[in-house]
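Colleague: The primary structure of each chain is shown beneath.
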Amino acid sequence: MTDVRSWIRVGIIAGFVTIFLALVGLIGRFVDLNLVGEQVTFARLVLIAAPLVAGYVVTRPRIQAGERRALAPRDAIVAGAVSGATAGFVFGIAVVAADAFGIDRIRSVFLNVSEPLIDFVTFGQPPVVGAVILTAVSAIAGGLAAGLRVTPIVARRPITTAVSTILVLGFLQRIIPIALDQLGLERDWLYSRSIGGLTWLGAIAVGAAAAGLSVLNARKGRELRARLFSAGEEKTGVAPAQLVLVLVLVAVLVAVPWVVGEVISQVLGTVLIYVLLGIGLNIVVGYAGLLDLGYVFFFAVGAYSTALLTGAALNTFTGSGPPAVSLDLNFYLAIPIVLLIAAGAGLLIGAPVLRLRGDYLALVTLGLGEMVTVLIRSPWLVPLVGGPNGMRGVSDAAIAGFGFRETQHFYYLALGFVLLAVFVSWRLSASRIGRAWTAMREDEQTAEAMGVNTTRFKLLAFAMGGAIGSLGGSMFAVQIGSLTPASFEVQVSILVLGLVILGGLGSLPGVVVGSLVLVGLPGLLREFEEYRGLAYGAALVAVMILRPQGLVPNVRRSRELQEEERAQDEWAQEKEVEVAAVEGMAT
Amino acid sequence: MSEAPAVLEVRGLEKHFGGLYALTGLDMEVRGREIVSVIGPNGAGKSTLFNTITGLYGPDGGDVRFEGQSIVGLKPSQITRLGISRTFQTVHLFPNMTVLENAMVGQHSRSRSGVLGAVLRLPSQRNEEERIRGKARESLSFFGPRLSGYRQEQPAFTLSYANRRRLEIARALATEPKLLLLDEPTAGMNPTETQELTDQIWRLRKDRGVTILVIEHDMRVVKGVSDRVIALDYGKKIAEGTYEEVAHDERVIEAYLGTKASA
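Sequences listed follow chains A and B, in order. Here the working numbering is used: the first residue of the first sequence is 1, the next is one more, and so on. Here the working numbering is used: the first residue of the second sequence is 1, the next is one more, and so on.
The set of hints was computed from the structure by calculation and includes no laboratory data. All of these numbers come straight from a predicted model, not from anything done at the bench. The beta-carbon is built from N, C-alpha and C at its ideal position, and this holds for glycine as well. Don't take every hint at face value.
Label-pair restraints from in silico Cβ distances [claimed, not checked]:
1. A:Trp380 x B:Gln154: 54 to 62 Å
2. A:Ile204 x B:Gln154: 48 to 56 Å
3. B:Asn127 x A:Leu333: 28 to 36 Å
4. B:Gly149 x A:Ala241: 30 to 38 Å
5. B:Asn127 x A:Leu340: 45 to 53 Å
6. A:Pro509 x B:Gln89: 36 to 44 Å
7. A:Arg219 x B:Asn127: 44 to 52 Å
8. B:Asn127 x A:Val244: 43 to 51 Å
9. B:Gln89 x A:Arg219: 54 to 62 Å
10. B:Glu67 x A:Leu340: 33 to 41 Å
11. B:Gly114 x A:Gly393: 36 to 44 Å
Go ahead and model the full structure; you've got the sequences and the hints to work with.
Modeller: This is the structure in structure tokens:
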């Protein structure tokens with residue numbers, strides 16, 4: 001029967017995924033990372049993650065003869081269990097084989113394979129017994145996931161909300177307790193000091209609260225929202241609740257660095273820098289549709305020109321040398337000059353690539369971006385930017401003696417510039433200029449024929465995008481106070497492009513969400529630092545498959561992405577009509 | 001026919017694509033407020049002529065003059081600004097912009113506010129934006145209820161085929177052209193719609209004083225709208241005159257049907 005084969009196939013894939021996760025160390029290294037009590041650990045979660053997903057995937061409703069058909073609960077649970085068991089079995093065989101082959105021999109290639117790992121995945125039993133237990137546990141996991149799939153939505157939603165809330169809070173065990181401490185709140189009932197994760201009491205309380213809110217939202221959510229946001233709308237156009245919401249948002253934004261403490265403020269500062277970069281790149285890629293892979297260029301231009309103008313000194317072997325440019329401008333006087341320099345640099349980058357499109361444009365900009373690293377490392381520019389040694393002593397952007405180098409202060413400076421950039425970007429997009437960019441993105445030749453000077457508007461996009469991106473560079477220079485070429489590698493370009501795409505091309509909220517996910521999360525979850533690349537790749541692949549328009553899509557851009565599919569549909573329909581016509585003639 | 005000055009003059013126009021000679025020494029002119037049809041079999045060079053006039057292609061020889069000024073070498077956007085606008089043989093709308101926004105893009109070259117105006121929303125910019133919107137609405141209103149009301153806020157791809165063609169014309173009108181080039185405006189329309197558009201082409205000249213050069217395959221339309229017909233074949237003008245004259249010209253018949261018993 002084909003169904004069984006597909007369950008097993010998915011199960012085998014899941015088994016190999018678990019093997020992969022074990023090999024890269026996501027299991028072995030996190031045996032002691034407690035999420036809830038000492039029972040729910042990250043390692044255990046990883047061990048059953050693939051079977052859970054497998055169980056959920058194989059029970060998706062099938063489209064049969066144009067109808068969506070869900071599986072009957074019993075069939076679904078059997079399917080999930082079979083799939084999960086297969087996954088566990090595959091992994092179990094791998095464990096037995098590994099043990100037979102010799103752990104030490106495997107470790108010479110896969111560093112993460114160790115006795116404790118084998119011990120953990122076999123539950124302290126001999127390998128064969130362990131494999132049997134693994135199969136059983138995985139079968140239960142698969143069955144549970146399948147069971148969740150066939151649970152009516154009324155119950156399913158609170159359950160998933162509760163579980164995901166508990167897990168998220170479990171992961172944030174380094175952050176939330178600090179915040180609670182800062183606020184002077186009692187934390188011991190929620191987070192255990194000795195084992196790290198949530199306490200069982202805390203988990204149950206949080207889960208119940210989340211489930212409760214979810215039920216409330218499902219039953220009364222629409223009504224409540226309608227009541228909150230419509231009252232008073234006739235008079236002022238702004239509902240009081242909306243005003244309150246904005247005020248709360250502002251209050252939160254202002255209070256955040258003092259609530260979350262220094263470590264997280266540092267991370268947030270970096271997130272804000274990337275938001276600036278993202279907003280800039282979004283103008284080039286999202287609005288004007290020009291794929292730029294060399295965006296680090298503007299990051300470097302912003303950082304180095306800020307450093308030079310504010311009188312930073314060259315690093316030498318003996319310490320700090322003389323300032324390269326003895327201008328020693330005030331930071332706020334330097335910023336407009338930095339913007340002009342960056343806009344000029346945008347024109348410089350833009351001019352040679354005006355005739356290029358798509359892949360070619362991407363390649364050339366990649367090369368141009370790479371040049372910046374070569375330049376700032378080159379001996380030729382040592383007298384100006386210090387070469388590989390870099391510079392130090394960048395202004396701390398002080399206003400009347402109030403410096404912004406300190407992490408919690410820096411946050412405000414960066415936030416200010418982010419708000420400015422958001423405002424500028426939003427106004428541009430909603431103007432004649434934004435319209436010209438959109439037209440150019442959709443059909444360059446036609447835009448030109450309708451009177452849009454595409455040369456000028458491409459250059460304008462590069463200049464505006466570059467100027468806003470350079471603010472990110474300025475902020476970076478202020479934040480760390482010294483610069484070395486190592487901070488301006490191609491990875492920056494890729495990361496910024498990634499966050500813009502992840503958030504949704506052309507979407508400003510998307511840039512913020514993208515930065516939080518790709519820059520904020522890795523900064524917060526320091527334990528997973530090494531897995532940044534892995535998570536980054538997985539996240540992009542997942543988004544491209546599940547939500548190609550991005551997390552917070554721009555409506556128009558998402559339509560453009562669907563266009564191709566629509567064209568195919570139309571074609572298929574036409575064919576159907578043709579076929580029908582031919583058949584009609586035949587009869 | 002009164003001899004108005006020539007709005008468009010084409011002299012010895014050449015356009016080659018490798019070994020293919022799409023236009024070979026073409027001479028023609030269009031006078032003010034005239035409606036001229038260009039006909040000819042497929043591959044005769046009609047669309048190449050349009051693309052060369054509007055600056056999409058640079059000619060390989062000859063000259064194109066608009067209101068006495070040579071426009072060879074100008075960018076398409078500059079030519080649009082001078083007052084030549086066009087529609088495309090295959091519809092080229094901005095599919096994900098709304099109907100109104102499509103028409104508003106047409107106003108681009110008639111407006112000027114820049115970065116500062118957009119960011120600060122200066123009064124001048126707001127007025128201009130209002131004017132752009134007004135002009136765009138006015139262009140759309142040329143087609144009466146077809147492109148009005150709720151439709152204006154819908155993305156262009158939702159329009160029916162005939163309405164897409166109409167929107168292309170409206171967008172071209174929004175550029176405030178003196179000379180309008182229509183490339184097969186009735187392609188894909190049913191007889192009723194074709195008749196309607198034929199009347200509207202007349203009205204374009206009557207109400208707006210636009211000079212029109214139109215490529216058309218439907219001979220009823222050609223007969224209906226043209227003051228003068230120019231027939232092309234192999235990049236050359238093979239006949240010119242009233243519809244009746246051209247329709248009975250032997251070379252034209254030969255171009256369309258082949259020579260009698262010559263094979």
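Colleague: The structure should be examined with respect to each hint, and the outcome stated for every one.
Modeller: To see whether the hints hold, each was checked on the structure:
1. A:Trp380 x B:Gln154: 54 to 62 Å: Because 57 Å falls inside the window, the suggested range holds.
2. A:Ile204 x B:Gln154: 48 to 56 Å: holds (50 Å)
3. B:Asn127 x A:Leu333: 28 to 36 Å: Because 34 Å falls inside the window, the suggested range holds.
4. B:Gly149 x A:Ala241: 30 to 38 Å: With a Cβ separation near 33 Å, Gly149 (chain B) and Ala241 (chain A) satisfy 30 to 38 Å, so the hint holds.
5. B:Asn127 x A:Leu340: 45 to 53 Å: Given range 45 to 53 Å: violated, Cβ gap about 29 Å.
6. A:Pro509 x B:Gln89: 36 to 44 Å: With Cβ atoms ~40 Å apart, the hint holds.
7. A:Arg219 x B:Asn127: 44 to 52 Å: Given a distance of about 49 Å, which is inside 44 to 52 Å, the answer is holds.
8. B:Asn127 x A:Val244: 43 to 51 Å: Because 35 Å falls outside the window, the suggested range is violated.
9. B:Gln89 x A:Arg219: 54 to 62 Å: Holds - the Cβ-Cβ distance for Gln89 (chain B) and Arg219 (chain A), about 57 Å, lies within 54 to 62 Å.
10. B:Glu67 x A:Leu340: 33 to 41 Å: At roughly 40 Å between Cβ atoms, Leu340 (chain A) and Glu67 (chain B) fall inside 33 to 41 Å, so the hint holds.
11. B:Gly114 x A:Gly393: 36 to 44 Å: holds (38 Å)
Of the numbered hints given earlier, the model fails hints 5 and 8; all others are met.
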